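> Listed below are the residues making up each chain.
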Amino acid sequence: MSVVPAQQGGGGGGTSGLYDVLELVLDRGLVIDAFIRVSLVGIEILKIDIRVVVASVDTYLRFAEACNRLDLETGAKKPSGLTDITGDMMEKGASGKTKGALSGAAETISGAFQQAREESAQSKPRARRTTTRRKEEQE
Amino acid sequence: MSTYVYGITRASHPALPEQMGGVGDPPQPVYAIKTGELTALVSESPENLRPKRRDLLAHQSVLSEAGAQGAVLPMRFGSVSTDDETVKNVLAEREKHYLERLDALEGKVEYNVKATHDEEAVLHQVLATDSELRTLNEANRAAGGGTYEQKLALGERVVAAVQQREKADGLLVRQALEGSAADTNPGPESTGWLANVSFLVERDKSADFVEAVDALQREAPHLVLQVNGPLPPYSFVE
Numbered sequence: 001m002s003v004v005p006a007q008q009g010g011g012g013g014g015t016s017g018l019y020d021v022l023e024l025v026l027d028r029g030l031v032i033d034a035f036i037r038v039s040l041v042g043i044e045i046l047k048i049d050i051r052v053v054v055a056s057v058d059t060y061l062r063f064a065e066a067c068n069r070l071d072l073e074t075g076a077k078k079p080s081g082l083t084d085i086t087g088d089m090m091e092k093g094a095s096g097k098t099k100g101a102l103s104g105a106a107e108t109i110s111g112a113f114q115q116a117r118e119e120s121a122q123s124k125p126r127a128r129r130t131t132t133r134r135k136e137e138q139e
Numbered sequence: 001m002s003t004y005v006y007g008i009t010r011a012s013h014p015a016l017p018e019q020m021g022g023v024g025d026p027p028q029p030v031y032a033i034k035t036g037e038l039t040a041l042v043s044e045s046p047e048n049l050r051p052k053r054r055d056l057l058a059h060q061s062v063l064s065e066a067g068a069q070g071a072v073l074p075m076r077f078g079s080v081s082t083d084d085e086t087v088k089n090v091l092a093e094r095e096k097h098y099l100e101r102l103d104a105l106e107g108k109v110e111y112n113v114k115a116t117h118d119e120e121a122v123l124h125q126v127l128a129t130d131s132e133l134r135t136l137n138e139a140n141r142a143a144g145g146g147t148y149e150q151k152l153a154l155g156e157r158v159v160a161a162v163q164q165r166e167k168a169d170g171l172l173v174r175q176a177l178e179g180s181a182a183d184t185n186p187g188p189e190s191t192g193w194l195a196n197v198s199f200l201v202e203r204d205k206s207a208d209f210v211e212a213v214d215a216l217q218r219e220a221p222h223l224v225l226q227v228n229g230p231l232p233p234y235s236f237v238e
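Heads up: the protein sequence lines correspond to chains L and P, in order.
FYI, in full-length UniProt numbering the residues of the first sequence are 1 to 139.
FYI, in full-length UniProt numbering the residues of the second sequence are 1 to 238.
Heads up, some of the hints might be wrong.
[Unchecked claim] Computed footprint of chain P on chain L; a stretch qualifies when at least three of its residues, placed anywhere within it, have a C-beta under 8 angstroms from a C-beta of chain P: (1) 52-59; (2) 63-70.
[To be verified] Just the calculated beta-carbon pair ranges, DEER-fashion: (3) L:Ser56 to P:Arg94: 46 to 56 angstroms; (4) L:Ile36 to P:Pro26: 14 to 24 angstroms; (5) P:Glu100 to L:Glu65: 49 to 59 angstroms.
Hints in this document: simulated from the structure, not taken from any laboratory.
Everything numeric in this text was worked out from a predicted model, so none of it was measured.
Note that the Cβ used here is the ideal one computed from N, Cα and C, for glycine as well.
Using the sequences and the accompanying hints, generate a full structural model.
In structure tokens:
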């Protein structure tokens, strides 16, 4: 699990993970008819990233191959195998940074975007990782 | 000159730091328009405002800063009024409604939770719980991967099983966490997560909510959970 804390001091907003909440900024929030809304045409950072499994021949073949490669030895000992996965994630996350102080907000934001850009630069769709910034402390 | 609107607070809301910059390059100074019991947080809107990174971040930063000081109704990005006078009129017209929303959201923040499957883990699960799939898989494996048709047959069934699990796990995420939240709203659906749900959480109970997510992660280690928060209550303003 990755928790992206926003700000220390119980702030009301998540500056650190903007990339992941972009859809909320663009698609939720109060709309008032008397105001004009800026056109979202040409938006450069909206990611439409279908990660759920879609039924298609390509997917069938890919999953058949994935099952074929699956290490069923580990499968038989599922609990430990799964624990390993979680452990990995936590480790990855722990090396991630968590900046909460207001003064560090801008830096944190650019960090998040940097990470986001790196992620989208990876072309293998299933290899994408989530922004794994492990919750360190909700202080 | 048009007016960019970030959000609405009570008139008694503490002022933002003076150097708070908003949208535009250079960032336009954020100021408050007060009328009656409400305040709108605004700045001048740059010509040809576009949803650029910098401006989205500015929008979010202003709301984060304001939200840390008390309830705020966040506007959707890109709300522009023709002038300050129009903003005042809107606040005056709908004062009662906005005050009610501010009351309802006082002391509460939004947490957005997204979930996907860890592919390998979910395949393990699917094979572990379906002996026919295991048999098919073993047969293909023994045949060096199987023919095109055999792969398709196996793949199709595996995909169906995984999709079923996505559906069930989407429900699981929501049900496991809604008890720790004051309100729940589905997030925008376009991004294709098996779950994308926003929870309205009392700020004082944020730790409990995060603990509930942790518990869910322990219970369902095949899920990859991503939690963003605390956020301004974007999904709970209406």
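> Is 14 to 24 angstroms right for how far apart the beta carbons of L:Ile36 and P:Pro26 are?
23 angstroms Cβ-Cβ, so the 14 to 24 angstroms window holds.
> Taking a Cβ-Cβ distance under 8 angstroms as contact, does the stretch 63-70 of chain L have three or more residues in contact with chain P?
holds (count 7)
> Given the hint of 49 to 59 angstroms, is the C-beta distance from P:Glu100 to L:Glu65 inside that range or not?
With a Cβ separation near 56 angstroms, P:Glu100 and L:Glu65 satisfy 49 to 59 angstroms, so the hint holds.
> Mind checking, does the stretch 52-59 of chain L have 3 or more residues with a CB under 8 angstroms from chain P?
With 5 residues close enough to chain P, the hint holds.
> Is the distance from the Cβ of L:Ser56 to the Cβ of P:Arg94 consistent with 46 to 56 angstroms?
Holds: the Cβ-Cβ distance is about 48 angstroms, inside 46 to 56 angstroms.
The earlier numbered hints are all upheld by this structure, with none contradicted.
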